[in-house]
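K.L.:
Below are the chains, spelled out letter by letter.
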Amino acid sequence: MTTALDADLSGFLGHEAAGAATLELLVPGARCAACMAKIERGLVGQAGVKQARLNLTTHKLSLTFDGPSGDPARVISALDRLGYNASLFDPAEAKAAEDREGRRLALALGVAGFGAGNVMMFSVPVWAGLFGQELEPATRTLMYWLSAIVATPCALYAGMTFFRSAWSSLRRGRANMDVPISIGVLLTLAVSFSETIQGGRHAYFDAAVSLLFLLLIGRWLDHKLRSKAQGAARDLLALQAPVAYRLDAAGVERGVPVAEVVVGDRLAVAPGQRVPVDGRVETGASLLDNALITGETAPAAVGAGSLVHAGALNLDGRLVMRAEAQSQDSALAAIARLMEAGAQSKSAYVRLADKAAAIYVPVVHSLALATFVGSWALGLGPREALLRAAAVLIITCPCALGLAVPAVQIAASGRLFRKRVLVKSGAALERLAEVDHVVFDKTGVLTEGRPHLADAAPALVAAAAPLARASRHPLAQALAREAGPGPVAEDVRETAGLGVEGLIGGRRARLGRAAFLGIDASQSLETELWFGFDAEAPQRLAFADTLRPDAARAVAALKARGLTIEVLSGDVPAAVARAAEAAGIERWRAGLTPIEKAAAIDSLKAAGRKALMVGDGLNDAAALARAHASMAPGAAVDASQNAADLVFEGEGLMAVVDAIDVARAAKHRALENFGFSALYNLVAAPAAVFGLINPFIAAIAMSGSSLVVTLNALRMNLEARR
Amino acid sequence: MSIILVLAPASVMLALLGLGAFWWTVKSGQYDDPAGDAARILNDQLDDRPL
Numbered sequence: 001m002t003t004a005l006d007a008d009l010s011g012f013l014g015h016e017a018a019g020a021a022t023l024e025l026l027v028p029g030a031r032c033a034a035c036m037a038k039i040e041r042g043l044v045g046q047a048g049v050k051q052a053r054l055n056l057t058t059h060k061l062s063l064t065f066d067g068p069s070g071d072p073a074r075v076i077s078a079l080d081r082l083g084y085n086a087s088l089f090d091p092a093e094a095k096a097a098e099d100r101e102g103r104r105l106a107l108a109l110g111v112a113g114f115g116a117g118n119v120m121m122f123s124v125p126v127w128a129g130l131f132g133q134e135l136e137p138a139t140r141t142l143m144y145w146l147s148a149i150v151a152t153p154c155a156l157y158a159g160m161t162f163f164r165s166a167w168s169s170l171r172r173g174r175a176n177m178d179v180p181i182s183i184g185v186l187l188t189l190a191v192s193f194s195e196t197i198q199g200g201r202h203a204y205f206d207a208a209v210s211l212l213f214l215l216l217i218g219r220w221l222d223h224k225l226r227s228k229a230q231g232a233a234r235d236l237l238a239l240q241a242p243v244a245y246r247l248d249a250a251g252v253e254r255g256v257p258v259a260e261v262v263v264g265d266r267l268a269v270a271p272g273q274r275v276p277v278d279g280r281v282e283t284g285a286s287l288l289d290n291a292l293i294t295g296e297t298a299p300a301a302v303g304a305g306s307l308v309h310a311g312a313l314n315l316d317g318r319l320v321m322r323a324e325a326q327s328q329d330s331a332l333a334a335i336a337r338l339m340e341a342g343a344q345s346k347s348a349y350v351r352l353a354d355k356a357a358a359i360y361v362p363v364v365h366s367l368a369l370a371t372f373v374g375s376w377a378l379g380l381g382p383r384e385a386l387l388r389a390a391a392v393l394i395i396t397c398p399c400a401l402g403l404a405v406p407a408v409q410i411a412a413s414g415r416l417f418r419k420r421v422l423v424k425s426g427a428a429l430e431r432l433a434e435v436d437h438v439v440f441d442k443t444g445v446l447t448e449g450r451p452h453l454a455d456a457a458p459a460l461v462a463a464a465a466p467l468a469r470a471s472r473h474p475l476a477q478a479l480a481r482e483a484g485p486g487p488v489a490e491d492v493r494e495t496a497g498l499g500v501e502g503l504i505g506g507r508r509a510r511l512g513r514a515a516f517l518g519i520d521a522s523q524s525l526e527t528e529l530w531f532g533f534d535a536e537a538p539q540r541l542a543f544a545d546t547l548r549p550d551a552a553r554a555v556a557a558l559k560a561r562g563l564t565i566e567v568l569s570g571d572v573p574a575a576v577a578r579a580a581e582a583a584g585i586e587r588w589r590a591g592l593t594p595i596e597k598a599a600a601i602d603s604l605k606a607a608g609r610k611a612l613m614v615g616d617g618l619n620d621a622a623a624l625a626r627a628h629a630s631m632a633p634g635a636a637v638d639a640s641q642n643a644a645d646l647v648f649e650g651e652g653l654m655a656v657v658d659a660i661d662v663a664r665a666a667k668h669r670a671l672e673n674f675g676f677s678a679l680y681n682l683v684a685a686p687a688a689v690f691g692l693i694n695p696f697i698a699a700i701a702m703s704g705s706s707l708v709v710t711l712n713a714l715r716m717n718l719e720a721r722r
Numbered sequence: 001m002s003i004i005l006v007l008a009p010a011s012v013m014l015a016l017l018g019l020g021a022f023w024w025t026v027k028s029g030q031y032d033d034p035a036g037d038a039a040r041i042l043n044d045q046l047d048d049r050p051l
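Sequence order for the protein chains is A and B. The opening residue of the first sequence carries number 1 in our numbering; numbering runs sequentially from there. The opening residue of the second sequence carries number 1 in our numbering; numbering runs sequentially from there.
One or more of the hints may lead you astray.
Here are the computed distance ranges between Cβ atoms for each label pair [as the list claims (entries may be wrong)]:
1) B:R49 with A:G650: 53 to 63 Å
2) B:R49 with A:P28: 37 to 47 Å
3) B:I3 with A:F193: 52 to 62 Å
4) A:R100 with B:I3: 37 to 47 Å
5) B:L14 with A:R41: 39 to 49 Å
The list that follows gives simulated cross-link-like pairs (lysine-lysine, DSBU-like), each with its CA atoms no further than 30 Å apart [unchecked claim]:
6) A:K224 with B:K27
7) A:K559 with A:K667
8) A:K605 with A:K667
9) A:K355 with A:K50
10) B:K27 with A:K50
11) A:K605 with A:K355
12) B:K27 with A:K38
13) A:K610 with A:K419
14) A:K419 with A:K559
FYI, nobody ran anything at the bench for these hints, they're computed from the structure. We treat Cβ as the ideally placed atom computed from N, Cα and C, and that holds for glycine.
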């Protein structure tokens, strides 16, 4: 982000209790202990900073100033001198980043671990007593009472997560996996108390609390996976911090959060910044890159009176515009609403574990009921019959199921993380494993998203390079990259939207659009530049957006996996056709608006296809949110990265193939784990029905089955390392 | 046998102390930046006071 140093950014300051100003910055480049020392020591004492603390895990820098005021712009430029790019956190955004859920789960896990460990102290003597050693009933009852004192409060506290989720699911008339867990735990506690009071031997306090401990490990893993990815997504969002530069009556720039912009505000947009809200240009002329909004690769020239849309990137001249919409009413808002609806439909997705629960819960509960009725009818007393039914519920409590899926997904996302693919949630992996159709965007996904010189004589490149180096236009920059470092033209004048002219070796030369060099604008497929010295015939330089190097290989690999592939692009048909053909894709559609892209995804969904959308632009965000699964490259805009289920960094498209492979392997492994659990239940449940279970066997069987599914999940990582 | 009545509550008390300490570490944000804290303690130039 470019920050105007004279702008006032005090809108981003917070205040601590004592009144001193605080500031949160994101410093993504700080990745080692040395950076931490350099930044903290470099900032304290400068620009009124009293205390600086960098969080190396989240890359967030928290600053406290000496007094109630501070100057964020000075801090950012101090960081810039230290060699780090920093961007502002919206104060509301920083608040939301606090991980309350994580702390609550950690505490519940700690309490359950404490309970499970300490209740063993009293359980081991009881188990020993089961194998012939003398243990008087009075001592056994004493041990059970001590177990109850430790286990009951722990189980009730640690179980709150499950009880709440079970209750809310029951109120909606559905049964998720937390229902049998809650019933199992509460019933176990109740039966154990009644046994202990009557001096019986079937008390399972240890089972209740260690079951919760194992289940909470699964929850904790699942939460860590999600929060890590969400944190990364939030950082990316903050990187393009929503600052608008408002001009007051005196013409002074003042940085404000975009949400505070109101209709009628005069806003300055410097080159390199994005247009904050929809509006109309008052003064200035420039080129705007609309690729994020429409997918067009060619920049559009704007001048006084032109309509500009939020999200467009200002390429060369400073613009002063008047806001005509608030940020929530901008053209972006329609896209945002589509995305929201997509996210809602995704949250309705039924996860594997819940599908298993839908079968599992009724089976287990009717088995327990049948056991109770059957044993009573066969002549056992009601108390013995109830105990057997409870034993069925306890032994079949879905401990292995609750742990099986999160453990697999943690292992899978760890494997993808090493391939530089970020997985945002476990559900995303499950959806990705189901896809049967892949939709690619063109610009920035199939192609690298920036122009390369397509064909021109080396002599011409060398001749034009000095002028190209002086310009910020993307095509000129591509030309400069091609030519490498060298001299820069003198006396350069840039005409926004047309071209540059200057002196090269004392001769006046021009580089720019056809019209800038006095040629009839010709229709051409490639984006192009013309170059010529005065009084010489201009020569043409053609540019094209090149395909990612492994695009064709990735497409072939996807086809080999039985997936159908399609390109949906907002670019002109000729460019789309060429890219699709080069990548080996037969089906493509061009010239689509963001809404049409989302509609195309919806019609695929209506036809029963499960589509994976791979896109990067703002024009893809709605489609990404509505697709069955979605991926975005690391260079994508914030909205798209937020909407996507997975984000892949790195240059290659093979990441898409890898992600699908790992997701399918993870699903396979999870189903295997369900198989193990079913097998375990097939053995253990009949034993419980016929009253063959005692507290020792229950403890061994439950932790044994959890261990087996966890080890099976970790096998994924072993395979990957080999 | 009556020694159990002394030892069992004593051991539970000790474990509760441990649980209390864990509670405090979570509440005071000591798991918020594992990567940074690991580096801070080894480098004298860094501010390693608790937040």
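K.L.:
Find the hints from earlier in the document that the structure breaks and name them by number, from lowest to highest.
P.N.:
Per hint list: 1, 2, 3, 9 violated.
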